[in-house]
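Colleague: Chains B and F are the protein sequences, given in the same order. Read in order, the letters of the first sequence are residues 15 to 352 in the numbering used here. Read in order, the letters of the second sequence are residues 15 to 352 in the numbering used here.
Treat the hints as calculated values from the structure; they're not laboratory data. Here the structure is a predicted model, which means the values were calculated and not measured. One thing to keep in mind: the hints can contain errors.
All copies of an identical chain are treated as equivalent in the list; a pair is satisfied when it fits inside any one copy or across any two copies.
What the hints assert, rightly or not - Lysine-lysine pairs mimicking DSS-like chemistry, simulated, CA-CA at most 25 Å apart: (1) K21 / K192; (2) K192 / K17; (3) K17 / K89; (4) K21 / K285; (5) K234 / K63; (6) K352 / K54; (7) K54 / K275; (8) K89 / K172; (9) K89 / K21.
2 protein chains.
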Amino acid sequence: MIKRMGKYSLKFTEAPIISAFSSVVGKLESRGPLKEGFDKVIYDCHALKDSFEEAESTLQQEALSLALSKWGGNKEDVDFIFAGDLLNQCTASSFALKGFNIPFLGQYGACSTSAQTLIMAAIFAQSNASSVSAAVTSSHFCSAERQFRFPLEYGAVKTPTAQRTVTGSGAFIIEKNKPHYPSISSATIGKIVDFSVKDANNMGAAMAPAAADTLENFFKDSNTTPKDFDAVFTGDLGEVGSKILYELMGEKGFDIRENHKDCGLMIFDRKNQDVQAGGSGCGCGACTLSAHILPKLLKGTYKRVLYMATGALLSSTTSAQGQSIPAIAHLLELNYSK
Amino acid sequence: MIKRMGKYSLKFTEAPIISAFSSVVGKLESRGPLKEGFDKVIYDCHALKDSFEEAESTLQQEALSLALSKWGGNKEDVDFIFAGDLLNQCTASSFALKGFNIPFLGQYGACSTSAQTLIMAAIFAQSNASSVSAAVTSSHFCSAERQFRFPLEYGAVKTPTAQRTVTGSGAFIIEKNKPHYPSISSATIGKIVDFSVKDANNMGAAMAPAAADTLENFFKDSNTTPKDFDAVFTGDLGEVGSKILYELMGEKGFDIRENHKDCGLMIFDRKNQDVQAGGSGCGCGACTLSAHILPKLLKGTYKRVLYMATGALLSSTTSAQGQSIPAIAHLLELNYSK
Numbered sequence: 015m016i017k018r019m020g021k022y023s024l025k026f027t028e029a030p031i032i033s034a035f036s037s038v039v040g041k042l043e044s045r046g047p048l049k050e051g052f053d054k055v056i057y058d059c060h061a062l063k064d065s066f067e068e069a070e071s072t073l074q075q076e077a078l079s080l081a082l083s084k085w086g087g088n089k090e091d092v093d094f095i096f097a098g099d100l101l102n103q104c105t106a107s108s109f110a111l112k113g114f115n116i117p118f119l120g121q122y123g124a125c126s127t128s129a130q131t132l133i134m135a136a137i138f139a140q141s142n143a144s145s146v147s148a149a150v151t152s153s154h155f156c157s158a159e160r161q162f163r164f165p166l167e168y169g170a171v172k173t174p175t176a177q178r179t180v181t182g183s184g185a186f187i188i189e190k191n192k193p194h195y196p197s198i199s200s201a202t203i204g205k206i207v208d209f210s211v212k213d214a215n216n217m218g219a220a221m222a223p224a225a226a227d228t229l230e231n232f233f234k235d236s237n238t239t240p241k242d243f244d245a246v247f248t249g250d251l252g253e254v255g256s257k258i259l260y261e262l263m264g265e266k267g268f269d270i271r272e273n274h275k276d277c278g279l280m281i282f283d284r285k286n287q288d289v290q291a292g293g294s295g296c297g298c299g300a301c302t303l304s305a306h307i308l309p310k311l312l313k314g315t316y317k318r319v320l321y322m323a324t325g326a327l328l329s330s331t332t333s334a335q336g337q338s339i340p341a342i343a344h345l346l347e348l349n350y351s352k
Numbered sequence: 015m016i017k018r019m020g021k022y023s024l025k026f027t028e029a030p031i032i033s034a035f036s037s038v039v040g041k042l043e044s045r046g047p048l049k050e051g052f053d054k055v056i057y058d059c060h061a062l063k064d065s066f067e068e069a070e071s072t073l074q075q076e077a078l079s080l081a082l083s084k085w086g087g088n089k090e091d092v093d094f095i096f097a098g099d100l101l102n103q104c105t106a107s108s109f110a111l112k113g114f115n116i117p118f119l120g121q122y123g124a125c126s127t128s129a130q131t132l133i134m135a136a137i138f139a140q141s142n143a144s145s146v147s148a149a150v151t152s153s154h155f156c157s158a159e160r161q162f163r164f165p166l167e168y169g170a171v172k173t174p175t176a177q178r179t180v181t182g183s184g185a186f187i188i189e190k191n192k193p194h195y196p197s198i199s200s201a202t203i204g205k206i207v208d209f210s211v212k213d214a215n216n217m218g219a220a221m222a223p224a225a226a227d228t229l230e231n232f233f234k235d236s237n238t239t240p241k242d243f244d245a246v247f248t249g250d251l252g253e254v255g256s257k258i259l260y261e262l263m264g265e266k267g268f269d270i271r272e273n274h275k276d277c278g279l280m281i282f283d284r285k286n287q288d289v290q291a292g293g294s295g296c297g298c299g300a301c302t303l304s305a306h307i308l309p310k311l312l313k314g315t316y317k318r319v320l321y322m323a324t325g326a327l328l329s330s331t332t333s334a335q336g337q338s339i340p341a342i343a344h345l346l347e348l349n350y351s352k
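Working from the sequences, and respecting the hints, build out all of it.
Modeller: In structure tokens form, the structure reads like this:
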């Protein structure tokens, strides 16, 4: 049963499970701190295709195929795919997944899409709308740079607050509750929050207020505090956004410094990899969830964690028109016990 | 309860209702055949804002405000908004709706988003994830032309197979079942279908195969035929796509000619308005649903109809790269009895 928990959150009484997961990344990611956890590396930034955009679709195809293979089922057994990405009109997902022949529900929340797709799949599983769903998201450094900033050939210099879009895709298989799997027990859907940040090279600052809003709503709705969780993961706030989140949460009376971890700071080694304020993109959170968070839950290192992905809801058009950057964050609670 | 019906469809045993709805359109639409049904007309294509993109956001704001006002509740009473549009990164929706302060779930299925948002809201209502949700979609001729084709100032000539993007937004309030309201009793989620059409000026041809696929799946899953419905509405196939749909459905053994109606052919008068093969865009289906279909259900003219919106999942990048146009169609069944 789905129960409303407080004003913004949902509780799944028979928590849907993540029964298989996979991650496929690019070269830089494969040399970062999480290198042991990724399932596959595609070293060529074109993935032997004709364009960066097709390469991004290839990441999604490989990730979903791997997740299905680990799961041990066929694509015909999957009722729905929830997927999204950062490309205009979400074409990385539609071109990647058209060959799978599975009913498709495109989701868009910028980098928060990695959490949004999982939440939707959990709601479908808990409500009997689906038996088995897949959640897939991706980002690609080269397709994102070309679309949102400058073509790589221009050699544009990055500001220190900028973040490096992760080249990667994560795929997850979500099913109705079964024992002995990591489960999604509750979720908080974010509101759009706009603190009037206009610097498109500082997404962390734009997204931190949305993260603080959703996190506060979850703690209040669930009557919990940060200490009730082994870790609180954010998707891609990076160095700048994480610090702002600590301040904002402090003002709200919550100290999350001790057990907060940001996927954007985990996936790259900022000292030795040229990634400015950290990683970003739908692939950042999704690949970290698949390569680190879920394996650590299965090993027993973590038992109860929060995963919250944040998204900057801008386009290059709105930025060029001088608009601010609205942001959003969606959160889910993950549990595991043997 | 949500019951799976066949392989691709869902049955809502306590059918969620559409308890209020509204449409806001531009000048050309206000002079078309459905002029009596629209709630508000914004004659200025800039809506007195600085850009076409902001004008599109204004359409959504006005539509949602009107729907809330007809419904008689406050925005604080709405649990979730499902919204989407055609602009890059769905910014018409995020900029429109940020001020409403309602948890937001961005949906993307190109022009099929009008059906997708309603289906998601129905699933949330039936599963107790929400008591009240809003579904909002929009499109704008000028923002779409600039983004997908050419800036209007170029005066580009249209091909006869092209369709005119509707300037308009439709908003809907969806609640748990109550008697005496139009209800959403079942839905079919579409697969991505790609028939290798590459002509970005002929979306009808690209989308018709997806429409035929979803419609066939619904008829088979529900064990119904076109004659079981007072009308079968498609979102925006236009003249070209509708004819292809008749052929494809004929090959599958279904004759839908008698009771098929296409919103793209209803919203404009093709003889006297320069709209080539008909209307298109998320706003086309949404405004026709609000201005014509739901009022006719309430009047008793229709009792049981299908509403299926189709989307072309391309971007200007994928078209420039010579890719084909994948498409998708989502369908819902609407019922009303006094």
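Colleague: Run the structure past the numbered hints and jot down the numbers of the failing ones, going up.
Modeller: The structure breaks hints 4, 5, 6, 8; every other hint is satisfied.
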